[in-house]
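Visitor: Fit chain B with the ligands to the known structure of chain A by using the hints.
Going line by line, the protein sequences match chains A and B. Counting from 1, one number per residue, gives the positions in the first sequence under the numbering used here. Counting from 1001, one number per residue, gives the positions in the second sequence under the numbering used here.
Since the hints were derived computationally from the structure, they do not count as laboratory data. Keep in mind that the hints are not guaranteed to be accurate.
Stated by the list, open to error - Some chain B residues close to chain A (C-beta under 10 Å, calculated; not the full set): (1) 1066; (2) 1131; (3) 1148.
To be verified - Here are some chain A residues the structure puts well away from chain B; computed CB gaps all over 10 Å: (4) 66; (5) 138; (6) 218; (7) 342; (8) 409; (9) 449.
What the hints assert, rightly or not - Once the Cα atoms are required to be at most 30 Å apart in a straight line, the calculated DSBU-like pairs of lysine-lysine come out as: (10) B/1036 x A/395; (11) A/32 x B/1144; (12) A/472 x B/1096; (13) A/467 x B/1036; (14) A/395 x B/1144; (15) B/1144 x A/467.
In this text the structure is predicted, and so the values were computed from the model without any measurement. Glycine is no exception: its CB is placed at the ideal position from the N, C-alpha and C atoms.
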Amino acid sequence: MPEATPKPEELVQINYDPHEKDWRKTRPEFRKGTFCHAALPKDVKYLGLPNPRDWQPPDVDWKLPPNWKEIILQGMKERLEKFRSFRLFMDICVRCGACADKCQFFLGSGDPKNMPVLRAELIRSVYRRYFTTTGKLFRGLAGARDLTEDVIKEWFYYFYQCSECRRCSVFCPFGIDTAEITMMVRELLNLVGVNTNWVIGPVANCYRVGNHLGIQPHGFKDSIDFAVDDLEEITGVRVEAPINRKGAEVLFIVPSADYFATPHYYTLLGYLMLFHEIGLDYTFSAYAAEGGNFGLFSSHELAKRLNAKMYAEAKRLKVKWILGGECGHMWRVVNQYMDTMNGPADFLEVPVSPFTGTRFENTRSTKMVHICEFTSDLIYHNKLRLNPSRNDHWKVTFHDSCNPARGMGLLEEPRYILRKVCNHFHEMPENTIREQTFCCGSGAGLGSDENIEARLRGGLPRANAVKYVRDKHGVNLLTCICAIDKATLPTLLEYWTPGVDVGGIHELLGNALIMKGEKERTTDLRGQPLQQKSEAVHA
Amino acid sequence: MPGISPSQKQAIAERWLAVALETYPAQSRQFLEGEKDPFRNPVGQSLRTQIPKLVDELFGDMDPQRLGQALEELVRLRAVQQFTPREALGFLFLLKPICREELPADAQARAELEDRIDEIALVGFDIFVRCREQIYEIRANEAKRRVALLERMNPEAGR
Ligand code: SF4
Ligand code: SF4
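So here's chain A without its partners, still in its complex pose (with noise of 0.2 Å):
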């Protein structure tokens, strides 16, 4: 927007409703600050996705296919076809306004189309013009409009300021999923060559490496290696940490960020240290390095063939069963398309706990169990002992994540972690938690730089409950249990709540595990200075 020095009197001449149009016609301006980077071409060759060419959001001419329209509407014919629920979306929206005010990017911005029955409608309405007979006949009465360029361009702006979250799907009676027509939308934009930076970048490089940030074996290799030196100097004991080793019972996975970013890196050491204490068979795989899948933010296609290292690696790796690390989306991924995607895992077992002998009948068609799960079995069962007030420095609450919370319904093992390894617990709101958690404002390839005022608008529900508990209890610490809450929670929290933290459930569980043969803690995992030294020993 061209911002000429106004004279005074035109300052009080605000114009109150820059939107104000029917919703229809709106095209959106591409302000910095709110929408990611164009993919690279090399990446987008790579892949072998079409179109690729040099381009930005906020260009004029985006460089589409010639046939451009032709390629979206078959592509939304053959998804209507092939994906019952993505028809019955379209359909079955009574516009009741349940879901209106439910996201947080609705509630951060005030911009009615981040309103999931309006995100929703920038597709209904060509799905109207299209697909049905009274949107062919009636058009713009019946709710339809043409599919034009600035439509794309509307679409790539609102369908990438939805982290894909299904919380507005918590609350619409009819089920209806905005987060699944995000991603139906994102597949077609992928048809004509649009797509961000931050999403094809990783995913080119986790298909050519193994992991979203290009890192080779060795690298990884060399940053384990790092972390167990790291361990050794503050706890005194010396962690095996075993990679690409056939024959191990359990094929450990993690989000690559817990190896390179801080605090996911807290959390990794306490992994190490719980498996060296129980004394877990176990590998890491060099090639799936990454727990994460960005290509679930692009298509289904994507995702599969990011997704199917897992499986490749559990088999050449000859293990039993699969543990995954404190990841969001992968659990997503996980739990609902991978057996059909790479599936079935014929080749594993049903896991079981090699130290309380539970079986995770839960996970009998995946064979991947949840760090979380698996911690608190151990915990419920006395396997561990733990000190509690080697965390009493913190103030902890938790933020439930979009996917294992929303996505998998993993509630009650962090809180059944996060209560008996520190004494300083507080709930945020309960309208804010759980099922009914608000989301970073950063998931689904929206943890870009550049868009961080977007980001900023929809993490702002989920920092305004942080605020509360730590203006009512003091907290200082939002534990979390995905990676790219861990990246991007700290940045949200500097802006908006000032003075917390943000740290994993292992991070904390590794303060508090007491080792054979430790010696005198002195520091956390941080390498903060503990506060007590009291030996409360629970268990």
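Guide: Leaving out everything else, chain B with the ligands in the frame of chain A:
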């Protein structure tokens, strides 16, 4: 401004809240105005709670700390929403016409009041600029955390 009644203050706060809400698109206003749960409507909540505080200060002590806190909450929000700087801060100046209409006053009292409003706007401007600068800082910090371990492993890299 001595002698202003609570009901006058309230009237000013209400009108001001209404015009602040009007800076948002029409389809959203009803919600921002109507939803009273602070966690389900953080933007509406901030406007509703902070605007009366500002009005109190305007007709009270102009206490820098209280003024700063109330402004901070509002401006921090508007600094990241879809506003140009003048749209983000312009609502502060809208106090002037509202006060003019609500309070018949002599020229001197009016001038004094408008000076105070200017002062509020200037503080708001400071906060706005600080927030915009902070956005760059938090981006840089995030980028550092993203590869924090790499840097610890290779302290020389990237220097
Ligand atoms: S971000 Fe979440 S709540 Fe908002 S539309 Fe997308 S899935 Fe629904
Ligand atoms: S709650 Fe469901 S039916 Fe109601 S407007 Fe939203 S998507 Fe449509």
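Visitor: Look at each hint and say if it fits the structure.
Guide: Consistency of the hints with the structure:
About 16 Å separates the beta-carbon of residue 1066 of chain B from the nearest beta-carbon of chain A, more than 10 Å, and the hint is not met. For residue 1131 of chain B, the shortest C-beta to C-beta distance to chain A is roughly 8 Å, which falls under 10 Å, so the interface hint holds. Checking residue 1148 of chain B against chain A: minimum C-beta separation of about 4 Å stays under 10 Å; hint holds. For residue 66 of chain A, the condition that its CB be more than 10 Å from all CB atoms of chain B holds, with the nearest at approximately 33 Å.
Residue 138 of chain A, annotated as away from the interface, keeps every beta carbon of chain B farther than 10 Å; the closest lies near 23 Å. With a cut of 10 Å on Cβ distances, residue 218 of chain A stays outside the contact zone with chain B, its closest approach being about 12 Å. Even its closest Cβ contact with chain B, about 29 Å, leaves residue 342 of chain A beyond 10 Å, as expected for a residue assigned away from the interface. With a closest Cβ-Cβ approach of about 22 Å to chain B, residue 409 of chain A is found to remain outside the 10 Å limit, as its non-interface label requires.
At roughly 5 Å from the closest C-beta of chain B, the C-beta of residue 449 of chain A falls inside 10 Å, breaking its exclusion from the interface. Between the alpha carbons of residue 1036 of chain B and residue 395 of chain A the distance comes to roughly 29 Å, so the proposed pair stays at or under 30 Å and holds. Taking the CA atoms of residue 32 of chain A and residue 1144 of chain B, the gap is about 22 Å. The hint holds against a cut of 30 Å. Restraint check for residue 472 of chain A and residue 1096 of chain B: not satisfied, since their Cα atoms lie roughly 36 Å apart, outside the 30 Å limit.
Proposed proximity of residue 467 of chain A and residue 1036 of chain B is supported: the alpha carbons are some 18 Å apart, at most 30 Å. A C-alpha spacing of about 25 Å is found between residue 395 of chain A and residue 1144 of chain B, which places the hinted pair at or below 30 Å, so the restraint holds. For the hint pairing residue 1144 of chain B with residue 467 of chain A, the CA-to-CA distance comes to about 25 Å; that is within 30 Å, so the pair holds.
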